[in-house]
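K.L.:
So you can see what is in the structure, the chains are spelled out below.
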Amino acid sequence: MNYILTDEDMKILFSRIKEEYDTYGTVEKEGDIVYEKVDGFESITFGRSRYAPKEFLIERNENVLNLPVQQKKAVFGVMSCDLKGFYVMDKQILGKDPFYTQRRQNTLFVNFPCNVECEGGFCSSFGGPLLDEFQIQVARDGDDFIVSASKEYEHLFDGFRKTGDEQIRKLRKNFLKNAKQLPVEGIENRIKWDSKLWKKYSSVCISCGACNYSCPTCYCFDLFDQDDGRIREWDSCILSGFTSTSAGNVRKELDERLRQRFYHKFVYYRKSQGEYLCTGCNRCTEDCPVDIDIKEVVTHDYSSE
Amino acid sequence: MNSYLPEYFKEFELIWESRDTYTIHLPKENPGKAGQFYMLSSPGIGEAPISVASGHLREMLFTIRSVGTVTSKLPDARVIGVRGPYGTSWPWERYGKILAVAGGIGIPPINSLFDEMVGTGRGKDLEIIYGARSPSDLIYHKQRKEWAKMANVIITVDKGDPNWKGNVGFVTQFISKSETDRDGAVFIIGPPLMMKNSVAESLEAGFRPENIYLSLERRMECGIGVCGHCNVGEFYACEDGPIFQYSAVKHLPELFL
Ligand SMILES: Cc1cc2nc3c(=O)[nH]c(=O)nc-3n(C[C@H](O)[C@H](O)[C@H](O)COP(=O)(O)OP(=O)(O)OC[C@H]3O[C@@H](n4cnc5c(N)ncnc54)[C@H](O)[C@@H]3O)c2cc1C
Ligand code: SF4
Ligand code: SF4
Ligand code: FES
Numbered sequence: 257m258n259y260i261l262t263d264e265d266m267k268i269l270f271s272r273i274k275e276e277y278d279t280y281g282t283v284e285k286e287g288d289i290v291y292e293k294v295d296g297f298e299s300i301t302f303g304r305s306r307y308a309p310k311e312f313l314i315e316r317n318e319n320v321l322n323l324p325v326q327q328k329k330a331v332f333g334v335m336s337c338d339l340k341g342f343y344v345m346d347k348q349i350l351g352k353d354p355f356y357t358q359r360r361q362n363t364l365f366v367n368f369p370c371n372v373e374c375e376g377g378f379c380s381s382f383g384g385p386l387l388d389e390f391q392i393q394v395a396r397d398g399d400d401f402i403v404s405a406s407k408e409y410e411h412l413f414d415g416f417r418k419t420g421d422e423q424i425r426k427l428r429k430n431f432l433k434n435a436k437q438l439p440v441e442g443i444e445n446r447i448k449w450d451s452k453l454w455k456k457y458s459s460v461c462i463s464c465g466a467c468n469y470s471c472p473t474c475y476c477f478d479l480f481d482q483d484d485g486r487i488r489e490w491d492s493c494i495l496s497g498f499t500s501t502s503a504g505n506v507r508k509e510l511d512e513r514l515r516q517r518f519y520h521k522f523v524y525y526r527k528s529q530g531e532y533l534c535t536g537c538n539r540c541t542e543d544c545p546v547d548i549d550i551k552e553v554v555t556h557d558y559s560s561e
Numbered sequence: 022m023n024s025y026l027p028e029y030f031k032e033f034e035l036i037w038e039s040r041d042t043y044t045i046h047l048p049k050e051n052p053g054k055a056g057q058f059y060m061l062s063s064p065g066i067g068e069a070p071i072s073v074a075s076g077h078l079r080e081m082l083f084t085i086r087s088v089g090t091v092t093s094k095l096p097d098a099r100v101i102g103v104r105g106p107y108g109t110s111w112p113w114e115r116y117g118k119i120l121a122v123a124g125g126i127g128i129p130p131i132n133s134l135f136d137e138m139v140g141t142g143r144g145k146d147l148e149i150i151y152g153a154r155s156p157s158d159l160i161y162h163k164q165r166k167e168w169a170k171m172a173n174v175i176i177t178v179d180k181g182d183p184n185w186k187g188n189v190g191f192v193t194q195f196i197s198k199s200e201t202d203r204d205g206a207v208f209i210i211g212p213p214l215m216m217k218n219s220v221a222e223s224l225e226a227g228f229r230p231e232n233i234y235l236s237l238e239r240r241m242e243c244g245i246g247v248c249g250h251c252n253v254g255e256f257y258a259c260e261d262g263p264i265f266q267y268s269a270v271k272h273l274p275e276l277f278l
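These protein sequence lines are chains A and B, in that order.
Read left to right, the first sequence gives residues 257 to 561 (the working numbering).
Read left to right, the second sequence gives residues 22 to 278 (the working numbering).
Read the hints as simulated data drawn from the structure, not as lab findings.
Just so you know, not all the hints are guaranteed correct.
As the list claims (entries may be wrong) - Once the Cα atoms are required to be at most 25 Å apart in a straight line, the calculated DMTMM-like pairs of lysine to aspartate or glutamate come out as:
#1 B/Lys217 x A/Glu512
#2 A/Lys455 x B/Glu275
#3 A/Lys527 x B/Glu255
#4 B/Lys271 x A/Glu276
#5 B/Lys271 x A/Glu489
#6 A/Lys508 x B/Glu231
#7 A/Lys293 x A/Glu489
#8 B/Lys94 x A/Glu489
#9 A/Lys436 x A/Glu286
#10 A/Lys456 x A/Glu561
#11 A/Lys527 x A/Asp346
#12 B/Lys186 x B/Glu38
#13 A/Lys407 x A/Glu276
#14 A/Lys452 x B/Glu255
#15 A/Lys527 x B/Glu275
#16 B/Lys118 x B/Asp97
#17 A/Lys551 x B/Glu255
#18 A/Lys508 x B/Glu255
As the list claims (entries may be wrong) - Covered stretches of chain B (chain A as the covering partner; in silico rule of three or more C-beta atoms under 8 Å from a C-beta of chain A):
#19 24-32
#20 65-77
#21 170-182
#22 254-261
Keep in mind it's a predicted model, so treat the numbers as computed, not measured.
Even for Gly, the Cβ is constructed at its ideal location relative to N, Cα and C.
Turn these sequences into a full structure, and let the hints guide you.
P.N.:
Written out as structure tokens, the structure reads:
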């Protein structure tokens, strides 16, 4: 159901949510937008966080032998590209990893779809930024907030003005007018195993792993014992130890590992889960120190190779 | 429930099989099936995926070669943790006759297979080709005698020694001479090159691609399909494998390292 809320209504909605959840939101800090605990709707800054909010579900580093009781958290200000990351990862992880699953079930993400596509971003290529799946979505149309809620959150909207789909449709249309929709569909069939792109990338990549760490859909982790704990830590498929075993290493070379990252996103996940493991947030491209641009993997003319 | 938490054992038996290979016997019934694996661990040492070496509902056995951080320290551990079973198993119940081809430390899940087939009176439907680098690397002396009572067993070494009177040569050389009828299944487990060549030999010998099964080794951290380490193309070896039907994965360029 969709509702039209004023700024005052948003404050009321926030306080209703605050009764049930610990509230977090995007705030500006030393020039960056970060997630912090917030007490009121007015403290929230509209804008994309420096880092994807995947840490709310997958911590950088934690002891898997100790599953804590999860607090109920509400997180305001999530960009749609980052939110979509959760729905995409759910397909592989939800119900299997107890940490991710319990946090997912106890976290309410309130996403703020953008009105114009950000520079570099290509979320519209993956159905963004007004998504089909969300918990509570807060779109802005002039001074109005067009808030959509999935069923289980309807009770928070008592007394607010209901509305239809027209404004959402208008916002989507306006967004798409100036959006760079990439020809993603079918990339799993066009991409080439022996493409010269992989060696081109490996000749400059410094194996820093930033592309994985910044990505809202990269879920891989490592497990190792330290002191009394068994630590799960974010891992990167770009690093050479990722697949080394006593029997050898399937991806000894950097170009093979870079190819793996793109194949996982555009081929393997599509085959196994029916979706691309990318939401078009462009974070990997922005954070890459040597300017490797994932959009090229989509737009490259493989047929001429 | 925290699926990462192992069940801990303070009481267990350690049996040395060769200079670098040992068996851990845990006083617990194995709910898993031949071909499946468990994550074995010890606090402070870490975890490793290890195939179960005994059959379904027998006491748990794991036979491990010491190769690195975890596997070299487990023999000295005071506590062994285990979680699982995980992954797919050998689909022996679907076939009349089965040829198992194992190289090196690939043999434990074949012992498990033997346990299960003998347990249902089908030991005679199994043929085993087992190869190791040298005579001193061959393990399971007692078990091999048990297999030979029921199954046709071929033992071979890559390189003999002055006392060795048995076969010399790679396991692949014996596949074409297999007594197993060609509508049967071939189960292959061992080092990547050995598996690759064994598949080629099995096809050459007349076995069908859909009846060939491989146990694939990949780096595994979680065992439950969430850490992303063990992928073989669009599959995860820990949940879609480790036992794969060859015809379902033969298109994957990273199949054999
Ligand atoms: C499904 C499955 C079943 C298995 N069953 C058995 C079994 O029944 N018995 C058995 O003995 N083994 C089995 N294995 C193999 C076993 O899991 C590995 O030998 C074990 O995980 C090795 O762990 P480790 O910590 O001892 O070695 P590690 O320290 O991980 O080292 C293993 C090898 O990888 C190399 N290596 C490790 N980390 C790196 C890095 N960062 N960079 C470069 N190289 C590195 C090491 O040099 C060494 O050669 C199985 C594997 C799988 C996937
Ligand atoms: S654009 Fe890059 S960082 Fe963003 S979802 Fe896609 S792969 Fe991940
Ligand atoms: S961010 Fe760029 S340089 Fe760093 S690992 Fe990824 S591709 Fe390589
Ligand atoms: S071992 Fe973690 S995904 Fe397979």
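K.L.:
Please flag the earlier hints that this structure goes against, numbers listed from lowest up.
P.N.:
Result: hints 4, 5, 6, 9, 16 and 21 break, sorted rising.
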